[in-house]
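Work out the full structure: start from the sequences and follow the hints.
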Amino acid sequence: MKLAAIGKLYLFFLPALVIILIFFAIPAVTTAIMGFTNMDFQFKWNFIGFGNYVKMVKDFLIWPIWREGKLARPNIIINTAIWVFATLLINTIFGLILAILTTSIERRAGTFFRAIWLLPRFTPMIVYGVICLSLLLPTKRGIFNAVRGAVGLQPLDWISLYPMAVVIITGGFIGASMGMVILASAIDSISEDLRRAAKVDGASWFQEIRYIILPLIRWPLMFITAYQTLSLLTSYESILVITKGGPFFASTNWSLYAYKAAFDVYSGTYAYGYGAALATILVIIGIIFSIAYWRIFKFKEMMSEPKIEVE
Amino acid sequence: MRNLVKSFGTLILVAWLVLFVGFATAGGKEEEPAPAEEALKVVTIRVWTIGPDNPALGRKTAFDEAGKRLNKDLEAEGSNIRVNVEAEFNSVNWSSFKQRNLLALQTGDPEQIADIIMTGHEMIGPYSVAGYIVPLDDYIARYPEVYNDIFPALWATGEFKAKIWGIPRDSEGRLIWIRRDVLKKIGWTESEIDGLRERAFAGDFTRDDLSDLAKDIKDAGVVETTMIHRPTPGVDWLGLIWNYGGRLSDETTGKLVVTKSACLKALEYLDKLVNQLGVVPSSMTNWSWPDINGSFLEGRAALYLTGGVWQWLGWQKDPWNFTEEWLFENITWIPYAAAKKGGKPLSVSHPLTCMLTSVSQNKDLAFRLLTYQYAPDLQAESVLASGHLAIGQSILEYPAYKENRYRSEVTRLLDVTRISPNHIKAPFLWEAWMDAIKAVETGAMNPSGALDFFVARMQQELGNEVIVEE
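Chains A and B, in that order, are what the protein sequence lines are.
The first sequence begins at 152 in the working numbering and counts up by one.
The second sequence begins at 3 in the working numbering and counts up by one.
Note that these hints are calculated values from the structure, not bench results.
Here a beta-carbon is modelled for each residue, glycine too, at the ideal position from N, C-alpha and C.
Some hints could be false.
Pair ranges (Cβ atoms, derived) [as the list claims (entries may be wrong)]:
hint, chain 1, residue 1, chain 2, residue 2, range
1, A, 222, B, 86, 55 to 61 Å
2, A, 174, B, 458, 36 to 42 Å
3, B, 94, A, 183, 30 to 36 Å
4, A, 207, B, 408, 49 to 55 Å
5, B, 111, A, 285, 37 to 43 Å
6, A, 208, B, 66, 30 to 36 Å
7, A, 303, B, 263, 43 to 49 Å
Here are the simulated lysine-lysine pairs, DSBU-like style, with alpha carbons at most 35 Å apart [stated by the list, open to error]:
hint, chain 1, residue 1, chain 2, residue 2
8, B, 267, A, 206
9, A, 195, B, 165
10, A, 395, B, 343
11, B, 220, B, 187
12, B, 217, B, 342
13, B, 404, A, 206
14, A, 395, B, 257
15, B, 163, A, 209
16, B, 186, A, 291
17, A, 209, B, 267
18, B, 346, B, 165
19, A, 291, B, 346
20, B, 217, A, 291
21, A, 395, B, 187
Below you can see the structure in the form of structure tokens.
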């Protein structure tokens, strides 16, 4: 490409690059550096080398301990793995189902239902969390327990009994909407000719989905999978609002543990250095996942020049 | 005609000017202009206070009134300095108050930091180590008539490493609330109910008697939930460790202490209440505050294990609006019952403390304002409105305080009150202990597993700043 053309390209990217630099790159580097200090409420940059990482290795909340075939106590690594992959499953599969269903019905009705499903995503997390809490209150005032009471059942403490299920389902409800929107657009962009041809050949609705739609939306599907994995690795807001990571760390994932170490100690002392080290590990894991997805899903192929020139 | 209008108009104008000048110069003697060198210098003193419950607004208004009194005295002294008090009152919650304070303190910018901070005494350790506050020993010595009045036992709240960093404000006591009407429903007489408090103070009504009572209430099926408690960390929970003979700090070294046997007994007691007797719901640590207070006030719960004296006033205000007569008729209280017969009951107090920030540009004036705020009438009116307890003898003897039936009853808790230790990691102790309690109550761990967890967390976080003893 000519120099001028390259220059124009970078000029286009410049605003995004500046934003990424200010809001992602610089904070990431600062956080990584902070991870080598024991900074707390005194806000002093005392460098302690790998002290925080040694602490992480010895931190018994992080590493699973098995006794008699089951976990001896709640554990951050296992919680994170369950949170990411279970929520990812719901986000991707449920998002796909919603996209297929809303594009299979009359256009306006489909748009209307997609708008409803987008509401949790547009709602501030604290509002969404408060709504979930009122559904899940352990007393008879909770909406789910009110329904149970109406049929003669005792109230359940949903959050204590099923903390991971609660946060996974609520996270899935929010995350599915993003997949739904992207996949619905991808499905809409499939040429109508292909679908008519399939119908003429006698394909059922299910066969149309399996042999026409799914293969043609594989790139967006893989993008959603990769994007949501990275997003779930670092998200904790819904968990913080709904279960606060409890009961007793049962729903605390890695990013929430990092947040709590730095900010959320009840009485207000802050282990910023340790929290930063924990967050840095997440960045490293995110980079590893990004590289893995790039290779496994062959995103390079997706981004390459098309093999057919269409004029 | 035109000339007539012109003349009339001129007449009106002249008359108006005469009247105007007359009014402008009328009344009072002519004042001498103030000399330039006596122009007033207004000094702004910023104060941060917190409820978060609204009845505690007196913590702020006492400073407003103190400012007025200070200005009057400054004028009488012939000083050209006047104070402008900017006192804030946080009515949200402790977490947001502490977080905001800390983030402001770390800027080191006097424009962003208050001169005086009124906050929980557990922050004395962290704030003093970080250099955010100054020792007050020399300042206190200037006003002995005020500060010698404060009960000696309460000074422990402000002490850290042999210096005084904070002055106590608003003492209180933790207690166990009991529904009188529920006791009557299970056959207790009025005299038995009235005598319960004396029995608790005498060590005759113990923790086991309390759990037996809870079982009787549960078996009678007269309430939905037998016993409730707070869902969050707090000094109340530390009271359980003292109850069972444990200690929290070492006087010689100032280090925090974990007494394993006492902690285990405390966790076993809670395990008994929740998992064996079923008198406390296992979901208790997930309840919201409105649910907790609502359950108790609406008679759906009988025993409130971790109550506080200030709640009495809070229940008379929005959103509950119960009358004090109704409260006396339906609710009674006892101190934390002794662990065994003949033992000592106890209460725990979490007084706030007033601290002077190191960046304050007007420390002397700010401390003088603080001292004015400790006037007996201001303190008495504040604690009467908020439901807290007197911190000094002169407040005890203030007529309105003395005549207040509720206050005169609960002040007795100060005789058996303990105060949690000041330490740089004192806040972590609260948090880690609460996690152990949650582990037992939710069934995640048995008491000995939860104890091991608590000890491991304390050792991991505090290292050699914690002593673990059997």
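Hint-by-hint comparison with the structure:
1. Evaluation of the 55 to 61 Å hint for residue 222/A and residue 86/B yields a pass: the beta carbon distance comes to about 59 Å.
2. One distance hint, 36 to 42 Å for the beta-carbon pair residue 174/A and residue 458/B, holds here, with the actual separation near 38 Å.
3. Against the hinted window of 30 to 36 Å, the Cβ-Cβ separation of residue 94/B and residue 183/A comes to about 33 Å, which satisfies the hint.
4. Residue 207/A and residue 408/B have their C-beta atoms about 51 Å apart, which keeps the hinted 49 to 55 Å range intact.
5. Between residue 111/B and residue 285/A the CB atoms are about 41 Å apart, so this pair conforms to the stated range of 37 to 43 Å.
6. Restraint check, residue 208/A to residue 66/B: a C-beta distance of roughly 54 Å breaks the suggested window 30 to 36 Å.
7. In this structure the hint that residue 303/A and residue 263/B lie 43 to 49 Å apart at CB holds, the actual value being about 45 Å.
8. Of the supplied pair hints, the one linking residue 267/B and residue 206/A holds, its CA atoms being roughly 30 Å apart against a limit of 35 Å.
9. Restraint check for residue 195/A and residue 165/B: the C-alpha separation of about 24 Å stays at or below 35 Å, so the hint holds.
10. This hinted pair does not check out: residue 395/A and residue 343/B have alpha carbons roughly 40 Å apart, beyond 35 Å.
11. Pair hint residue 220/B plus residue 187/B holds up; C-alpha atoms about 12 Å apart against a cutoff of 35 Å.
12. At roughly 18 Å between alpha-carbon atoms, residue 217/B and residue 342/B fall within 35 Å of each other, so this suggested pair holds.
13. For a cut-off of 35 Å, the pair hint linking residue 404/B to residue 206/A is broken: about 55 Å separates their Cα positions.
14. Annotation: proposed proximity of residue 395/A to residue 257/B holds, straight-line Cα distance about 30 Å (limit 35 Å).
15. For the hint pairing residue 163/B with residue 209/A, the CA-to-CA distance comes to about 31 Å; that is within 35 Å, so the pair holds.
16. About 26 Å separates the Cα atoms of residue 186/B and residue 291/A, which keeps this hinted pair within 35 Å; it holds.
17. Of the pairs offered as hints, the one joining residue 209/A and residue 267/B holds, with about 28 Å between alpha carbons and a cut-off of 35 Å not exceeded.
18. Note on residue 346/B and residue 165/B: the hinted pairing holds, with a Cα-Cα distance of about 30 Å set against a maximum of 35 Å.
19. The hinted pair formed by residue 291/A and residue 346/B fails the criterion: a straight-line CA distance of about 38 Å is larger than 35 Å.
20. Proposed proximity of residue 217/B and residue 291/A is supported: the alpha carbons are some 22 Å apart, at most 35 Å.
21. Between residue 395/A and residue 187/B, the direct Cα distance comes to roughly 39 Å. Violation of the 35 Å bound is thereby established for this hinted pair.
Of the hints listed earlier, those the structure fails to meet are numbers 6, 10, 13, 19, 21, in rising order.
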